[in-house]
Amino acid sequence: MTDIRTFTTKDGTKLNVDTTDYGHAVIFQHGLCGDAGQTREAFPSGSGFQRITIESRGHGSSQASDPGRLSIATFTDDINDFIEQELGGPVVVGGISMGAAISLRLAVKRPDLVKALVIARPAWVTARAPANMAPNAEVGRLLKSLDPEAAKAAFTAGETGQRLAGEAPDNLTSLMGFFARQPIEVTAALLTAISNDGPGVTEEEVRALQIPTLVIGHERDLIHPLSYACAIAELIPGAHFAEITPKAENRARYVSDFHEAMRNFLKEL
Numbered sequence: 656m657t658d659i660r661t662f663t664t665k666d667g668t669k670l671n672v673d674t675t676d677y678g679h680a681v682i683f684q685h686g687l688c689g690d691a692g693q694t695r696e697a698f699p700s701g702s703g704f705q706r707i708t709i710e711s712r713g714h715g716s717s718q719a720s721d722p723g724r725l726s727i728a729t730f731t732d733d734i735n736d737f738i739e740q741e742l743g744g745p746v747v748v749g750g751i752s753m754g755a756a757i758s759l760r761l762a763v764k765r766p767d768l769v770k771a772l773v774i775a776r777p778a779w780v781t782a783r784a785p786a787n788m789a790p791n792a793e794v795g796r797l798l799k800s801l802d803p804e805a806a807k808a809a810f811t812a813g814e815t816g817q818r819l820a821g822e823a824p825d826n827l828t829s830l831m832g833f834f835a836r837q838p839i840e841v842t843a844a845l846l847t848a849i850s851n852d853g854p855g856v857t858e859e860e861v862r863a864l865q866i867p868t869l870v871i872g873h874e875r876d877l878i879h880p881l882s883y884a885c886a887i888a889e890l891i892p893g894a895h896f897a898e899i900t901p902k903a904e905n906r907a908r909y910v911s912d913f914h915e916a917m918r919n920f921l922k923e924l
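Note that this note's numbering has the sequence shown beginning at 656, numbered continuously upward.
These aren't lab readings, by the way, just hints derived from the structure by calculation.
Be careful, since some hints might not be right.
[As the list claims (entries may be wrong)] Here are the simulated SDA-like cross-link-like pairs (lysine to any residue), alpha carbons at most 25 Å apart as the crow flies:
1. Lys-807 - Gly-692
2. Lys-770 - Lys-799
3. Lys-799 - Ala-809
4. Lys-922 - Ala-903
Keep in mind it's a predicted model, so treat the numbers as computed, not measured.
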């Protein structure tokens, strides 16, 4: 059963909240230009935990509001406010890609609100604008200067598109979807702003985390390097690392492995 409602931020932006199952709350956030469909697929049903996804500004059915405020810090502040207003205490927080960066930032900046952490397929460790996010930024720049079809053709024929086609087809499939993602202006703004952003934390702060943590990663993913997942797992004391089947290799096994890793982690909390 899925429940959908609206949460209004302090500046009046309306965010879509997507919830499934019952039990202890787990805030589980999607990736850049994704939505709750991504977290719905990845989160195991019947785990005894309730998945709550607050679609970030400009994502899913949430309002974008001020384009100048599209940032990982703003998205994190929105989750912070939701937990304080709606849940009132520490919860499990996690996410995929951008959602992982949001979760890491929240755990560092507001440890009183996070009792356990899930970092899945991270696209950042701590640095801003990492090289792996360059393909997203390139798509954003093309969408700002060309119509969507011309932008898509230019990217597909270019060096980045050709490289991804051979080395990371799942990444390329995701990027191709951005050329049709509406509204185009918001998509372009998100891709450029977030690709050049970062979680805004230091390695020292990450090393200081003292909470149960699961880190999930896999190979054949240039935008979410396995080395980033390994690096974060090494930084956080006692973190459990799970390497799963690459989505580009077998999507069904990817989902099954993701569910198993999450179930095993959550049942220990």
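Going through the earlier hints one by one, which of them does the structure break, listed in rising order? Going through the list in order, the structure violates hints 2 and 4 and respects the others.
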